[in-house]
Amino acid sequence: MSESNLPGLKAADEFFGWQPEVDRHQERGDGTAILPPAKASGGATRRHDRVVVNALRQLADQLAGQPSFPSTANVGIRNPNGSVRRADVVVDGENDSDHPAEAVDPRVVIEVLSPSTTRFERFVKIEDYKTNPLIRVILVVNTEAPEIICWRRQRADWSYELIKGLGAVVPLPEVGAELALAGLYAGIRLA
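In this text, residue positions in the sequence shown follow the numbering used here: the first is 1, and each later residue adds one.
FYI, nobody ran anything at the bench for these hints, they're computed from the structure. The beta-carbon is built from N, C-alpha and C at its ideal position, and this holds for glycine as well. Each hint should be verified, as a subset may be incorrect.
[Said to hold, decoys possible] Across the chosen pairs, the derived CB separations fall in these ranges:
#1 P133 with E178: 21 to 27 angstroms
#2 R189 with L162: 21 to 27 angstroms
#3 G167 with P133: 29 to 35 angstroms
#4 E94 with P115: 32 to 38 angstroms
#5 A191 with R155: 37 to 43 angstroms
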């Protein structure tokens, strides 16, 4: 299904009801369902997938038995501006929810950059996530070098930090975890 023949969906509730009927995960922006650029162009790279799996592994191991738990892009994030976005990884503070396709308490969002999605994820999705008062941390992960832009909510404002190097660790006290860049980039040949 291409973007040109997707239905106009006026509310996020309607979107979440419609989404299971189609064969590919969509996002919702400006009142319409859209295919994110990576999905529209055939999917992510193996490098992208490796980073996502490594992030999930680290977070799942650290959060085992805790109320917070990481999920993949199968779980949508509803934002106050009406958009529904699908992060590569979202740590939801409530893993036993009655909403199987929606993050109820999204605290940490991880977007892994790919060449085809860089502009969309860095400029559109990140700004949507910042409107969500539940999200405390947004990580934007570079797949070409061990670098992460860490956006962190500071009361009503956001600050960011560039975290670099395989020896670096991203603390995530908001969920009681951390991400080691050495683990995040494990199995990836870096230049």
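Comparing the hints with the structure gives:
1. P133 with E178: 21 to 27 angstroms: 23 angstroms, holds
2. R189 with L162: 21 to 27 angstroms: 22 angstroms, holds
3. G167 with P133: 29 to 35 angstroms: 33 angstroms, holds
4. E94 with P115: 32 to 38 angstroms: 34 angstroms, holds
5. A191 with R155: 37 to 43 angstroms: 38 angstroms, holds
The structure agrees with every numbered hint stated previously.
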